[in-house]
Amino acid sequence: MTFDQARWTADEERYEPLLSEKHTREVEVESSLPDGLTRDTLELPDLSEPELARHYTRLSEMNYGVENGPFPLGSCTMKYNPKFTEDVAANPHAAVHPDRSPESVQGTLELLYRLQDYLGRIGGMDAVTLQPPAGAAGEFAGILVAKAYHEANGEERSEVIVPDSAHGTNFASAALAGYDVVELPGADDGRVDLEALEAAVGDDTAALMLTNPNTLGLFERDIERIADVVHEAGGLLYYDGANLNALLGRVRPGDMGFDVMHYNVHKTFATPHGGGGPGAGPVGVREDLAEFLPDPRVRRTDGGYELFTPERSIGKVHGEQGNWLVLVKAYAYIARLGDEGLSDASAKAVLNANYLASQVDYDVPFEPFHHEFVASADTDAADVAKRMLDYGVHPPTTKWPEAVPEALMTEPTEVENRASLDQLAAAFDAVAEEDEAAIESAPQRTAARRIDQAGAARNPRLSWQALDEQE
Amino acid sequence: MSSHESGSPFAPHTPAETAAMLDAVGVASEEDLFDVPDELRFDGAFGIDQRSEQAVRTHLDVTLGRNADLTEFLGRGHYDHYVPSLVDHLSLRSEFLTSYTQYQPEVAQGFLQALFEYQSMLVELTGLEVANCSMYDAATALGEAATLADRLRGVSGETVLVPEQLHEGRRGVLENYVTGTDLAVESYPMTAANADVDALAERLDEDVVMLYAENPTVRGAIEERLADLGDLADEHDALFVLGTDILALALLQEPASVGADVVVGEAASLGLGTSYGMGLGLFACREEHLRQVPGRLVGASEDATGRRAYTLTLQTREQHIRRERATSNICTNQAWVALRTAMHAAMLGPQGLADLAEECVTATADLAARVDDVVGLQAPVDDRHHFREFVAHTDQPAAAVAADLEAEGFAVHVVDEHHVQLCTTETNAAKRDALVEALEVVA
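Protein sequence lines correspond, in order, to chains A and B.
The first sequence: position 338 = 338 (the UniProt record's numbering), numbered continuously.
The second sequence: position 103 = 103 (the UniProt record's numbering), numbered continuously.
No lab work stands behind these hints: they were computed from the structure.
Possibly wrong hints are sitting among the right ones.
[What the hints assert, rightly or not] Here are the simulated SDA-like cross-link-like pairs (lysine to any residue), alpha carbons at most 25 Å apart as the crow flies:
id, chain 1, residue 1, chain 2, residue 2
1, A, LYS22, B, THR305
2, A, LYS399, A, VAL181
3, A, LYS399, A, ALA430
4, A, LYS83, B, ARG51
5, A, LYS83, B, ILE48
6, A, LYS83, B, PRO9
7, A, LYS22, B, LEU86
8, A, LYS83, B, ARG57
9, A, LYS399, A, ALA382
10, B, LYS431, B, ALA68
11, A, LYS22, B, GLY306
12, A, LYS22, B, ARG307
13, A, LYS83, B, ILE321
14, A, LYS83, B, GLN50
15, A, LYS22, B, GLU129
16, A, LYS83, B, LEU314
17, A, LYS399, A, GLY168
18, A, LYS22, B, HIS89
19, A, LYS22, A, LEU33
20, A, LYS22, B, ARG57
21, A, LYS22, B, GLU53
22, B, LYS431, A, ALA430
23, A, LYS399, A, ALA187
24, A, LYS83, B, PRO12
25, B, LYS431, A, ASN91
26, A, LYS83, B, GLY306
27, A, LYS22, B, GLY127
28, A, LYS83, B, ARG93
29, A, LYS399, B, ILE321
30, B, LYS431, A, GLU103
31, A, LYS399, B, HIS320
32, A, LYS399, B, ARG93
33, A, LYS83, B, GLU53
Next comes chain A alone, as it looks inside the complex (with noise of 0.2 Å):
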């Protein structure tokens, strides 16, 4: 299969102009406000619909995402997302304003009650807030949850130990929450390593974070151990829910020990990355955490639908109520699916992952996986992911986890037939037996040529007044 991506540009600059490239106009600012109060001027591009949309139309060729071919990219989950979530979001009564009364937003309350519950029995857990807007924003409330359950019990406990080879989020949230990070060494078998975590937890520990299966696509097979060790520190075991599309089905967080979780909806259930977000990152929890939860949650009443802030809740994590219409595309897509299409949707992701592994020529030095596998490259895996670009595929996430030299971090996920993974495979292999030049001199035939991003960081322009100035 060959490739060339749309590659649009006016010829004398070679690059599809900004709009403000196009035209900007400077108007004068006209108000009845006295003078003084407003600004002078203002000067922005300037087009006409017809512009614009050829224009965004132009941008988005020079785009690849999920429906324009293999998008395995390690930990992202990219599926293909289907159309009619899209018109259920963009419902008009989903278009309500979040200060409306609970009484006139029933449909609203409700359809975020059902999530809360689909949500709850999917992790096997008690209680869950959809407020946090990302994965990491549910990390950061789930760790708040955790600090607030300690200092319930009249506890300070300083420290978070996260595994070396975690989400750099996980490290992130725990700081953001004020907490020391004890970084976790992986054993060599690329799960937890028992006696560095019984060497680590202690007094201090106020939770451990996990992802289960783990970054090399592992399954901490000791988990009920960790579960112990951790819980008989008095810490709590925290799931990061990034790789929850490998278990759909097959064994819930809840029931593995772990007491908070977050659950990425737009990974696992299917609603679009959009570029890099909106996503939500609803917050699960064990009975007993659930009066921290963020304020405020759903509940039932006999009448209808309410809200009601937790009896000790750690307060906001958002404005309002979180990335509403991410949530009911989540929920739509549960829905469709139901108990079978998502346990059969991990199944085929672990099977898509086992069988593009099978046909790769690369080292995959950790196994057995399930949903993703990190291949070893001979060469620099950055390198090896500009030519597979090439090959009309998006690569894999690359030099990630560590434990893998030059790993190429894969991902295929459930929505690949055998022709796709069969080309991605064709991929990795055709660039493994390139020469050093051609894949040096990769890629060829996308919008952009290899971008100097070491120049970019070293002399950031960030604007297009950034460009003009130095023109």
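Start from chain A and add chain B according to the hints.
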């Protein structure tokens, strides 16, 4: 339709394909691939029925249809402006919607350029040199501003000063964001919905690391002495953080001109609408704080042929590299909303933005005057200029007035026992007459 008969409708495998793939892997069944101890196994019975696409749509139509059909005169940070059709049609192109964070910039030039353009529009609107390409909402952007202040003034000073009249969501999120710092949040008094500059002058000392003000305020009042606030903050070496929204920026004083170091606020008022409080946090700051900015930044660079190209940049601030020492934990953000906001702003253009913002002043003043004419109501309560919204005094209990209005098909805020707040934009313009008539009956 999918050729397989059960399971996920979005997994394309036929039974024959599944069998062949299992064979290639060398296992007998999918279950053999799950490395899960038997004692932990769950049987997949969540108790959620699978439904057809049509059934789910009908279910959602019925459920959301339980929301009452009210005309909203609600604001307080979330505003309903007419979103041009172009925004839906172009932002929903799947190349945008179904893409991910631009970790491979060579195949993501389109989104990167659109985000670069979004950043640039905020630079023009704020007068500051740097804007990031999104926070979750205004409240979390305010929280991030406080942690920025903490990093800049790490050694001395422990107070963040905020207006006593502040949206409870913003205050609440701010309180949580300073959890990991030694900062404490304190309020300063207000006079007729503006910052009490004299009281602030008394209060400010070296303990204050950040002074936060809003323009317009939560009561819709335009701040009249912003530059004085900027000077006060500057004199005491405090970070001056200004909260606003993207449309107000098109008309009101340019933040940089009044000494703002950081601008936060809501940008989804263009491009998204109220969406039950889903937002887009804007965040802009001075160039000197560049290395401390939270969130993602898109920068211009060149590709191997010398052509201009865009990429995420300064990622060493971010959590996937810096982990616990990152400037923020934000990873997934609101990129697609930022795309929509940029499209909406571009559709309006400079004159359209300025005109719409001016209408937020004149239409609001007009509505306030008409409400003031209603017996039993006085408006606006605050003797200020207003942007989109204002507070009215009711002789009747405000909650009863709001409930009666709801029965007539209108939603308004209850501020306290005898005050309601009304917000108007072009989307409820056609119902202003009806609102005033209803007020004449219920107030």
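How the hints compare with the structure:
1. A:LYS22 - B:THR305: Holds. LYS22 of chain A to THR305 of chain B sits at ~23 Å (cutoff 25 Å).
2. A:LYS399 - A:VAL181: Holds. LYS399 of chain A to VAL181 of chain A sits at ~23 Å (cutoff 25 Å).
3. A:LYS399 - A:ALA430: holds (20 Å)
4. A:LYS83 - B:ARG51: holds (15 Å)
5. A:LYS83 - B:ILE48: The hint holds at about 21 Å.
6. A:LYS83 - B:PRO9: Since the Cα atoms of LYS83 of chain A and PRO9 of chain B sit roughly 12 Å apart, the hinted pair holds (cutoff 25 Å).
7. A:LYS22 - B:LEU86: holds (18 Å)
8. A:LYS83 - B:ARG57: holds (11 Å)
9. A:LYS399 - A:ALA382: holds (7 Å)
10. B:LYS431 - B:ALA68: holds (16 Å)
11. A:LYS22 - B:GLY306: holds (21 Å)
12. A:LYS22 - B:ARG307: holds (17 Å)
13. A:LYS83 - B:ILE321: violated (34 Å)
14. A:LYS83 - B:GLN50: This hinted pair holds, its Cα atoms lying about 17 Å apart.
15. A:LYS22 - B:GLU129: holds (22 Å)
16. A:LYS83 - B:LEU314: Violated, because 35 Å separates the two Cα atoms, which is more than 25 Å.
17. A:LYS399 - A:GLY168: Roughly 13 Å between the alpha carbons, so the hint for LYS399 of chain A and GLY168 of chain A holds.
18. A:LYS22 - B:HIS89: Roughly 21 Å between the alpha carbons, so the hint for LYS22 of chain A and HIS89 of chain B holds.
19. A:LYS22 - A:LEU33: Violated. LYS22 of chain A to LEU33 of chain A sits at ~32 Å, over the 25 Å cutoff.
20. A:LYS22 - B:ARG57: violated (42 Å)
21. A:LYS22 - B:GLU53: Distance ~43 Å between LYS22 of chain A and GLU53 of chain B Cα, so the pair is violated.
22. B:LYS431 - A:ALA430: violated (64 Å)
23. A:LYS399 - A:ALA187: Within the cut-off at roughly 19 Å; holds.
24. A:LYS83 - B:PRO12: It holds: about 16 Å lies between the C-alpha atoms, which stays within 25 Å.
25. B:LYS431 - A:ASN91: Holds, because 21 Å separates the two Cα atoms, which is no more than 25 Å.
26. A:LYS83 - B:GLY306: Outside the cut-off at roughly 39 Å; violated.
27. A:LYS22 - B:GLY127: Holds, at roughly 21 Å.
28. A:LYS83 - B:ARG93: Since the Cα atoms of LYS83 of chain A and ARG93 of chain B sit roughly 11 Å apart, the hinted pair holds (cutoff 25 Å).
29. A:LYS399 - B:ILE321: holds (11 Å)
30. B:LYS431 - A:GLU103: holds (22 Å)
31. A:LYS399 - B:HIS320: holds (11 Å)
32. A:LYS399 - B:ARG93: violated (31 Å)
33. A:LYS83 - B:GLU53: holds (10 Å)
Hint compliance for this structure: hints 13, 16, 19, 20, 21, 22, 26, 32 are not met, and every other hint is.
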